[in-house]
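*Asks:* Below are the chains, spelled out letter by letter.
Number of protein chains: 2
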Amino acid sequence: MKKFSVTPWSVSGNVDYDKLIKEFGIEAINEKLLERIKKQTRDLHFMLRRKVFFAHRDLPRILDEYEKGNKFFLYTGRAPSGKVHLGHLLPWIFTKWLQDKFGAELWFQFPDEEKFLFKKNLSFKEIENFLNDNMLDVIALGFNPKKTFFIVDTIHANLMYKEACKVAKKITFSMVKSSFGFNETTNIGAIFYTSMQAVPAFLPSILKKRNIPCLIPHAVDQDPHFRLTRDILPKLGYYKPASIQCSFLPPLSGTQGKMSSSKLEQETVFTIDSPEEVEMKIKKYAFSGGRATIKEHREKGGIPEKDISFQYLRMFFEPDDEKLKAIYENYKSGKLLTNELKEILIEKINSFLKEHQRKRELAKKQIGKFLFKSF
Amino acid sequence: MKKFSVTPWSVSGNVDYDKLIKEFGIEAINEKLLERIKKQTRDLHFMLRRKVFFAHRDLPRILDEYEKGNKFFLYTGRAPSGKVHLGHLLPWIFTKWLQDKFGAELWFQFPDEEKFLFKKNLSFKEIENFLNDNMLDVIALGFNPKKTFFIVDTIHANLMYKEACKVAKKITFSMVKSSFGFNETTNIGAIFYTSMQAVPAFLPSILKKRNIPCLIPHAVDQDPHFRLTRDILPKLGYYKPASIQCSFLPPLSGTQGKMSSSKLEQETVFTIDSPEEVEMKIKKYAFSGGRATIKEHREKGGIPEKDISFQYLRMFFEPDDEKLKAIYENYKSGKLLTNELKEILIEKINSFLKEHQRKRELAKKQIGKFLFKSF
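Chains A and R are the protein sequences, given in the same order. Take any residue in the first sequence, count from 1 to its spot, add 6: that is its number in the working numbering. Take any residue in the second sequence, count from 1 to its spot, add 6: that is its number in the working numbering.
Any given hint might turn out to be false.
Repeated chains share a single entry, so a pair holds when one copy, or any two copies, can fit it.
[Stated by the list, open to error] Result set (DSS-like, lysine-lysine): computed pairs, CA atoms no more than 30 Å apart in a straight line:
1) Lys168 x Lys183
2) Lys241 x Lys126
3) Lys125 x Lys153
4) Lys183 x Lys331
5) Lys264 x Lys126
6) Lys338 x Lys57
7) Lys370 x Lys153
8) Lys289 x Lys301
9) Lys168 x Lys379
10) Lys89 x Lys241
These are calculated hints, taken from the structure and not from any lab test.
Model the full assembly from the supplied sequences, consistent with the hints where possible.
*Replies:* So this is what it looks like as structure tokens:
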């Protein structure tokens, strides 16, 4: 059995999501739960149908409340430390769907101190550039500016630091040590940080002076933060935040680990890549589940499960189940060649990025609308 | 030899200040240094003459800079968690003298999260009341409102949190563990806190965009915080802050430990005490260096070194060396009885507090003038 590791700071190996569910103590999203969601949303996002969002904590409680007319808000975030890539967009696209379907407010945290504290050679100056750049990608996805509030930890510290202290008072070093693998050489800012990440899960309740349920869509590697948050918030009189968790968009190199900007540029498709870069990266680096020769491929067929191009279509770029099924079968039968499959993906990515980049330009004038001021 | 212990959170035993100088690695204030100060100030505050302020770090460097025309600013503070007592006022009175003599700006920090993080049952609501109340005592001492800036950690977190992260990145758990005696059960807010206490030592340099030397007058128990601060600030490109440190005003019960609001109310004279309360506390609780009977006292004389009333006169209420000397000699010779000595102190404290309480009332309308806004 292959080994894998999932922490908020790195993901490696061939992630066994069933095993992760047991290890983390999260719950798989089953058909019954999908039916409950569908009752409210009428359709199911393909990321739910295909179990890209595969696990949750307390989602039924959020639906109970919603059915009683007690709306939840969404909370997710992005620690700016580099360019945004496709792996980042995946949960945000789903979050926008949730916002639309449930009419939910979204509190989007940009913890600009996180990577500063965790990366040795990163300065606040560099982070500030990434912060503004990353905001464009979020805005470009089309979140409702009237219902979406950007919170930047250092800019909104007046709202957040005091609340973070309330959380911090209930978390000991020994708790973060085991949750995050800290030790005696960990810096005291990194040790404190999880308290800041907890705050947006109850900040709207403070600002609106009533207790509002919170749902956090996020990639499963962030679960240790929110596990702590869930332990603490009821002690402060707030709802335990619920979560809905997705698997990782793999890097181009293969189905191990996750797409990450800390890896080689070639393993990652960034949102500002040109059509030529995308084409080159997919053609040159996207791991293929095809066979060594065309002859062998036609005979034995490809392995879509291992093929990055197919996986990107499944997880992100081909929402139509019928079309995806046809691609799957044609590839598995050997009818569809690796190059042809890659062409399909390249076209899909480039058409997505063309539109995304256009909206990204427009977003430059919209940051002010999204930054939270006050009610 | 008696044992004693001095940490930022408690002082106990008969403090041996010579030993403390060696343990902490601070420097005694010697006659040569006093002469240098006197050159600038023309006279010497009695707290300097009498070695109430007895130690320092890097004070000569501050004077070097001052002589070159490079003015320093002062930084001190108060963690609100109870009523202000005479022990708190002592270093602040000296700080005002420094402000007047050196024309220095004073940055006065109210770290309202500190005691919240370190005291189990203290809420932010209680602290907020103390905060406003404590500010009155500071203002009442007559600091120059044009040169004095109050910084409240949770109110000014927008200015402070990012800077605190820069400090925190350079401090490991193992460093705070040894400096403050933390362990695995210490909460992560308390672990982070020292970074916030470091910020006012370079905040004016940031706000004014030039590097300004900093002098911190404080009671010696806070030295562990500033020792860390001194290690870190040069790494961030700022001056190592200098400090000037005082001994503790003892509690009424005797010359062990320090006056503290965590002790019994009877051991402490608060700034809002009535003349009757002061009289009662001094008469009933102020430890006497007198003898068991008047006869014995007349014969053998009192012991001013052990007498709390005499110590309060020496450290705080009798600035006139001649008068103090006369009291000392009369008490030592047995001419002055304990009751008479206590009457002298009661009159001094009550006349001080009458004026202080009057200014405290006026201060209620001045808080806004002292709270830092921006330049």
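*Asks:* For each hint, tell me whether it holds in the structure or not.
*Replies:* Hint by hint, here is what the structure shows:
Taking the shortest alpha-carbon separations for Lys168 and Lys183, both the intra-copy value of 23 Å and the inter-copy value of 23 Å come in at or below 30 Å. In the homo-oligomer, the alpha carbons of Lys241 and Lys126 lie at most 30 Å apart only across protomers (14 Å), although the nearest pairing inside one protomer, at 34 Å, exceeds that limit. Taking the closest pair of Cα atoms, Lys125 and Lys153 never come within 30 Å of each other, the shortest separation being 32 Å inside a single copy and 39 Å across copies. Neither within a single protomer nor between protomers do Lys183 and Lys331 lie at most 30 Å apart by alpha-carbon distance, with minima of 45 Å and 58 Å respectively.
Taking the shortest Cα distances, Lys264 and Lys126 sit within 30 Å of each other inside one copy (21 Å), while across copies they are farther apart (42 Å). In the homo-oligomer, the alpha carbons of Lys338 and Lys57 lie at most 30 Å apart inside one protomer (21 Å), although the nearest pairing across protomers, at 88 Å, exceeds that limit. For the homomeric pair Lys370 and Lys153, the shortest alpha-carbon distance inside one copy (19 Å) is at most 30 Å, but the shortest distance between copies (41 Å) is not. Taking CA atoms no more than 30 Å apart as the test, Lys289 paired with Lys301 passes inside one copy only; the shortest distance there is 20 Å, against 106 Å between copies.
Proximity of Lys168 to Lys379 under the C-alpha cut-off of 30 Å is found in both arrangements, the shortest distances being 17 Å within a copy and 19 Å between copies. In this homomeric assembly, Lys89 and Lys241 come within 30 Å of each other (Cα to Cα) only across copies, at 29 Å, whereas the closest approach inside a single copy is 37 Å.
Figure legend: structure checked against the earlier numbered hints; hints not met, in rising order: 3 and 4.
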